[in-house]
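One letter stands for each residue in the lines below.
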Amino acid sequence: MDLGLSEEQELLKNFARDFLEKECPEAFVRAMEEDEKGYTPEFWQKMAAQGWQGLIIPEQYGGTGMTYTDLIVLLEEFGRALVPGPFISTVLLGAMPILEAGTEEQKKEFLPKIAAGDLIMTMALTEPSARWDASGVEMPAKAEGDSFVLSGSKLFVPDANVSDYMLVAARTKESANPEDGITLFLVDSKSAGIEFTVLKTIAADKQCEVAFNDVRVPKANVLGEVDKGWPIIQSAKNKAAAAACAYLVGLAQMDFDVSLDYAKERIQFDRPIGSFQAIQHKFADMIIDVDGSRFITYKAAWALQENEPDAEMLVSMAKAWCSEATRRVVAHGQQIHGGIGFTKDYKIELYFRRQKWMELMWGDADHHRAMVAEKLGT
Amino acid sequence: MDFHFSPEEKAFRQDLRAWLKENVPPDWEGVFLEEEEKEWRQGREFVKKLSDKGWVAPSWPKEYGGMEASPALQLVYNEEMGYHRAPIGSVVQAVGYIGPAILAFGTEEQKKQHLPPITAGEIVWCQGFSEPEAGSDLAALQTRAVKDGDDYVINGTKIWTSNAHRSDWCILLARTDPAAPKHKGIGFFLVDMKSPGITVQPIINMANVHSFNQVFLEDVRVPKSGLLGQENQGWFITIMALDFERSTLVAAAISMAKRNLDELIDYCKETKVNGGTLLDNPLVRHKLAEMTIEIEVGKYMVYRVVSLQARQEPGSIEAAVCKLYNTELDVRVANTGIQILGLYGQLQRDSKWAQLMGRFQKSYMYALAMTVGGGSSEIQRNIIAMRGLGLPRR
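Those protein sequences? They're chains A and B, same order as listed.
Residue numbers are given in our numbering: position 275 of the first sequence equals residue 275, and the series is strictly consecutive.
Residue numbers are given in our numbering: position 119 of the second sequence equals residue 119, and the series is strictly consecutive.
Source of the hints: derived by calculation from the structure; they are not laboratory data.
No residue lacks a Cβ here, since even glycine has one placed at the ideal position from N, Cα and C.
Treat the hints with caution; some may be incorrect.
[Said to hold, decoys possible] Simulated crosslink set (BS3-like; lysine-lysine; CA at most 30 Å straight-line):
1. A:Lys375 / B:Lys38
2. A:Lys264 / B:Lys184
3. A:Lys375 / B:Lys21
4. B:Lys258 / A:Lys375
5. B:Lys10 / A:Lys375
6. A:Lys264 / B:Lys272
7. B:Lys182 / A:Lys375
8. B:Lys362 / A:Lys375
[What the hints assert, rightly or not] A few chain A residues facing chain B, derived, Cβ under 8 Å:
9. Gln9
10. Leu11
11. Ala134
12. Trp357
[Unchecked claim] Listed next, the stretches of chain A that the computed footprint assigns to chain B, with coverage defined by at least 3 CB atoms under 8 Å from CB atoms of chain B:
13. 147-153
14. 256-264
Produce the complete structure using the sequences and hints provided.
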């Protein structure tokens with residue numbers, strides 16, 4: 001038992017921190033908020049050159065074959081640097097499900113391209129009902145000859161506007177059990193009948209409304225089996241939720257670090273504000289929240305990696321906790337900064353807005369607490 | 001990042017668990033009750049049995065009755081002892097930080113004299129730190145130790161001294177150099193409680209139990225061999241000792257909270273209301289889920305401190321974070337239990353209507369002792385901010 005990082009993970013972390021400080025400074029983060037794509041191909045390629053999109057992809061498919069917990073370590077650094085763009089979408093919502101449920105052909109077709117930085121993916125799951133459970137998947141897919149035809153609307157789809165392919169969840173069968181009858185489709189984002197509208201969000205990330213107007217998808221593009229897509233989605237959701245936790249941990253740690261520097265330098269009443277107990281005790285509480293978030297996240301990620309029987313419960317515990325704990329951290333960060341915190345010029349506001357984004361993604365605290373409560377009854 | 005326990009650790013957990021199930025009486029309320037005379041005696045008998053197994057102080061060297069357990073094995077031990085509410089209140093301080101302080105700073109003679117009787121379950125220690133005018137500001141203590149030939153002569157008053165009325169020995173802080181700055185002139189003494197001049201006066205706590213005491217020292221003579229470390233080194237030893245205390249006591253406390261919560265969840269599953277069970281009530285479910293999550297978070301804060309210990313990396317601030325979070329969590333768990341039990345939550349154990357042995361009303365009171373003892377929550381926050389984060393004093 002050792003909650004510290006392995007030597008390999010330390011290397012990855014340190015390298016990523018240096019790399020991102022250089023390649024993903026605050027100005028880049030701000031520029032990508034304004035940019036309609038939300039990423040640049042140059043930056044994407046530089047990350048691919050480090051092997052990051054292919055981090056969890058086995059070497060035989062062009063990746064580096066590292067582990068899911070290694071990815072978690074990397075994503076913590078992404079949160080720290082507020083890395084914009086479709087990385088989580090591509091890796092967690094594209095590569096991971098294909099790796100877990102794809103045919104050999106599908107793996108060979110998609111994974112090397114993802115690892116090389118030549119393919120951007122996402123998953124279109126949620127709909128206007130904004131539910132994370134199986135009942136939220138209502139959009140029908142009707143079999144017609146060699147194809148399925150998709151019609152309906154997906155909402156809050158991350159990075160769909162820049163994706164090459166989407167994994168689209170659709171209902172292929174009505175059933176008393178909502179988890180039965182959902183199919184996952186690999187859909188070319190340029191298919192006729194698809195329309196993207198980028199949503200304006202608090203974090204200026206690129207979530208989209210995706211309209212499907214009689215979109216034809218070849219039957220060969222089903223991921224896994226027809227009607228049996230939900231377990232694949234659930235696995236992706238769990239891994240994405242733990243990934244969101246890691247991003248939040250890094251984000252909260254950086255908010256904390258920036259606030260600490262500020263409290264040591266900002267003079268009021270002829271002394272640094274960090275010398276006041278009212279401020280000092282906020283920092284102690286922030287550490288509890290950052291550390292608490294980090295280690296429950298590590299546990300959840302490790303449990304997923306090791307296929308522990310309570311992995312899903314741990315993911316819900318982690319996401320429930322991190323969602324609220326990191327919100328407390330960034331709220332304290334704002335309060336410590338006072339007026340400057342509310343300006344667009346100073347960086348702390350970036351953390352405040354982005355925290356809310358990740359807090360809501362893949363289930364907020366209420367959602368995951370309810371999941372935990374459900375499991376208590378069993 | 002590895003949460004596996006080794007085969008050796010797993011096997012020890014199984015052995016200890018099986019043994020505890022046999023040796024902790026099923027109607028044992030918990031460590032608090034060792035403060036009553038009957039339970040105290042039961043606790044002492046239990047420690048004797050534990051000693052026969054060689055399980056009193058796992059982390060200590062074998063030559064003093066320990067197991068030389070790794071930090072992870074020690075964690076396993078603390079978790080199981082806490083979860084099964086093992087009645088070890090009479091040795092918790094001696095094993096957790098008094099012995100380790102003697103190990104770290106004592107002479108060979110002091111170690112030989114004091115450590116084996118602790119692991120043999122023969123000797124009880126208490127802690128003479130706080131004074132009426134020196135609580136959170138511990139270094140302001142006024143008890144004096146004046147050198148007189150080969151002895152020190154000690155005068156002063158100690159307070160909140162748990163178990164002083166049952167203790168054989170006491171670790172005692174006294175001012176050895178009144179001219180020095182307050183942190184610099186303190187000595188750390190090992191004092192025989194049978195020494196002439198010591199008077200112990202009970203203080204009854206809010207649970208109506210004689211738990212702590214005021215201890216008066218009048219011209220108490222302590223031989224030079226009773227000084228631990230150097231004459232003015234006492235504050236340094238104390239800081240180390242409190243670090244040991246913070247990192248060791250919490251693992252057992254959180255496991256005990258988990259046990260309480262598990263039993264509360266079972267109670268909610270079994271208790272019928274309005275044609276359903278208590279667990280069907282969304283407000284109850286929400287509270288139970290929240291406590292489950294918060295305990296899980298606290299657990300890995302403990303694991304993190306243990307990981308640092310195993311890597312021999314500094315971890316005293318992390319231990320303070322852990323102590324702060326987990327003791328405040330205990331307060332919330334106790335309150336949640338009472339809220340869910342409703343009117344029944346206030347009943348004491350001896351009422352025939354009491355639920356879950358009245359544990360929650362008791363822990364609701366005793367949880368407060370944890371957020372004050374060993375450095376209050378506010379002192380922990382000060383330590384974290386100033387010692388940990390380098391925030392300026394002014």
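| Tell me, which hint numbers fail for this structure? | Violated hints (numbers, rising): 1, 6, 7, 10, 11, 12, 13; every other hint is consistent with the structure.
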